[in-house]
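Chemist: Model the placement of chain B on the given structure of chain A, informed by the hints.
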Amino acid sequence: MLLRLDPSAEEPLFAQLVAQVRLAIARGQVRDRERLPAARELAESLDVNVHTVLRAYQELRDDGLIELRRGRGAVVATGAGRDHKVLLKAIDAVVHEARALGLSPQATAALLKEAFRT
Amino acid sequence: MNANLTADQRMRRRRHVTGAVTTVGGLLVLLIAAAVAWSWRAELPDPVASHWGKGGQPDAFSSLNGMLGVLLGLGGPLVLIFGLVTWALGRSSVTRRIGVAATVYLSLFLSIVVVGSLYIQRGLSDAREAGSVNGVALLAFLASLVPAGIASALIPGDVRQPTTAPVPADAPRVRLVDGERAVWINRASTRVAFYLAVPVVLVGVALAVWARAWPVLVVDAFVIGMLVILTTFVVRVDRTGLTVRSAIGWPRYRVPLDEVVQASVTQVSPLKDFGGWGWRVGRDGRVGVVLRTGEALLVERTGGRSIVVTVDEPAKAAGLLNALADRARTGA
Chain A
8 MLLRLDPSAE EPLFAQLVAQ VRLAIARGQV RDRERLPAAR ELAESLDVNV HTVLRAYQEL
68 RDDGLIELRR GRGAVVATGA GRDHKVLLKA IDAVVHEARA LGLSPQATAA LLKEAFRT
Chain B
360 MNANLTADQR MRRRRHVTGA VTTVGGLLVL LIAAAVAWSW RAELPDPVAS HWGKGGQPDA
420 FSSLNGMLGV LLGLGGPLVL IFGLVTWALG RSSVTRRIGV AATVYLSLFL SIVVVGSLYI
480 QRGLSDAREA GSVNGVALLA FLASLVPAGI ASALIPGDVR QPTTAPVPAD APRVRLVDGE
540 RAVWINRAST RVAFYLAVPV VLVGVALAVW ARAWPVLVVD AFVIGMLVIL TTFVVRVDRT
600 GLTVRSAIGW PRYRVPLDEV VQASVTQVSP LKDFGGWGWR VGRDGRVGVV LRTGEALLVE
660 RTGGRSIVVT VDEPAKAAGL LNALADRART GA
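As you go down the protein sequences, you meet chains A and B in turn.
Each residue of the first sequence is one higher than the last, beginning at 8 in this note's numbering.
Each residue of the second sequence is one higher than the last, beginning at 360 in this note's numbering.
Extracted from the complex, chain A is given alone in its bound form (with noise of 0.2 Å):
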């Protein structure tokens, strides 16, 4: 599982980090009930404080991604490892035409939120 985070984008670090395990998860290169690293190890290794691992965590647990168990540590949900492929696909298509009409990722985003309202 790769982790990338950049530290000079406006989203804060641990939303990104949110952001980055759950892709991961989509794509399964986590698979359900595999162990996360510890939240010690990844901020040491992020060079960010273990806070915001520890809230990026909860972020996940509390949309059911993962769980979080007191001395097991982080472990992906049953089931959230559910099979992404069709989904990955028709996003490769929005980006694909997205780029063809020359929308910035953000206005590809409010189209994609407004989707969802209705």
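By construction, these hints were calculated from the structure, which means they are not laboratory data.
Don't be surprised by glycine CBs; every beta carbon is placed ideally from N, CA and C.
Don't take every hint at face value.
Among chain A residues calculated to face chain B with C-beta under 8 Å, some are [unchecked claim]:
(1) L9
(2) R11
(3) Q36
(4) A116
(5) L119
Derived DEER-like restraints, expressed as beta-carbon distance ranges [said to hold, decoys possible]:
(6) G35(A) to S628(B): 22 to 28 Å
(7) G508(B) to N56(A): 37 to 43 Å
(8) I583(B) to R77(A): 24 to 30 Å
(9) T85(A) to W573(B): 38 to 44 Å
Modeler: Just chain B, lined up with the frame of chain A:
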């Protein structure tokens, strides 16, 4: 240590000295054991018991010379093989430690087995009266472990050999933007260990009960422990370099960023390349954490050292390690 020597020369000297000292030491242990046993020749029955069977009774016999022949004829070549491996391939401290631990362990184990089983026959007129050999077997197994562990812990580590040479341009890289932080973590593990553990336990218990060879249970527990320790590894690439550690944290292998020559993806066949599975030493002294056939991460390190780990997504690991090494070298 002479300061004028290059790191390369110091490392070569280190493995040659280690190989030579352990070979001589191992052979000395065997010779002393043989001499002690020989000094008892007047008090020993002729022939002596050489094998104990079901129920703990002696069931095979041999001359004293035959016993000593087995000790030296089996132990001598084994010590020489491990000494030679350390001498010729011990570029990584891991390799030297494995070589030294194996030499110490097997020379002590064989010596205690032979000397111990003769010791309990001293003063007997007929070797058939010899008692159980269980105590000797357990002593040989346990008493050899501690010195082997101490000897391998005493082996000096590797001399730091940092490099400033750039990572080759054709090596795979993950693209990182300025200031971007990244970590790659994966587990390398195998279920085979679990399937192996079941028969090991069953056979061990059966032997212990049927042949009343209860030391087998101690060996069993040890084997299970080793299976657990040496079949699940966490592999990590981050700003400190590569870290491979077992599930319990030890053993551990590190390659600092400034000692990375280059990382790449390779194909591994455990039996062909490493002669088996687990934490291995391969041809050219390459260190292997080999748990399955197929794609693996290969990290070439300064001083002619290298490590192979059979882990999923090796391309990403290699790409990140190369990219981070680039960054550390250009000072970005």
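Chemist: None of the hints should be skipped; say for each whether it holds.
Modeler: Checked hints:
| no. | hint | in the structure |
| --- | --- | --- |
| 1 | L9 | 5 Å, holds |
| 2 | R11 | 4 Å, holds |
| 3 | Q36 | 7 Å, holds |
| 4 | A116 | 20 Å, violated |
| 5 | L119 | 24 Å, violated |
| 6 | G35(A) to S628(B): 22 to 28 Å | 26 Å, holds |
| 7 | G508(B) to N56(A): 37 to 43 Å | 38 Å, holds |
| 8 | I583(B) to R77(A): 24 to 30 Å | 27 Å, holds |
| 9 | T85(A) to W573(B): 38 to 44 Å | 43 Å, holds |
In this structure, the earlier hints numbered 4 and 5 are contradicted, and the remaining ones agree with it.
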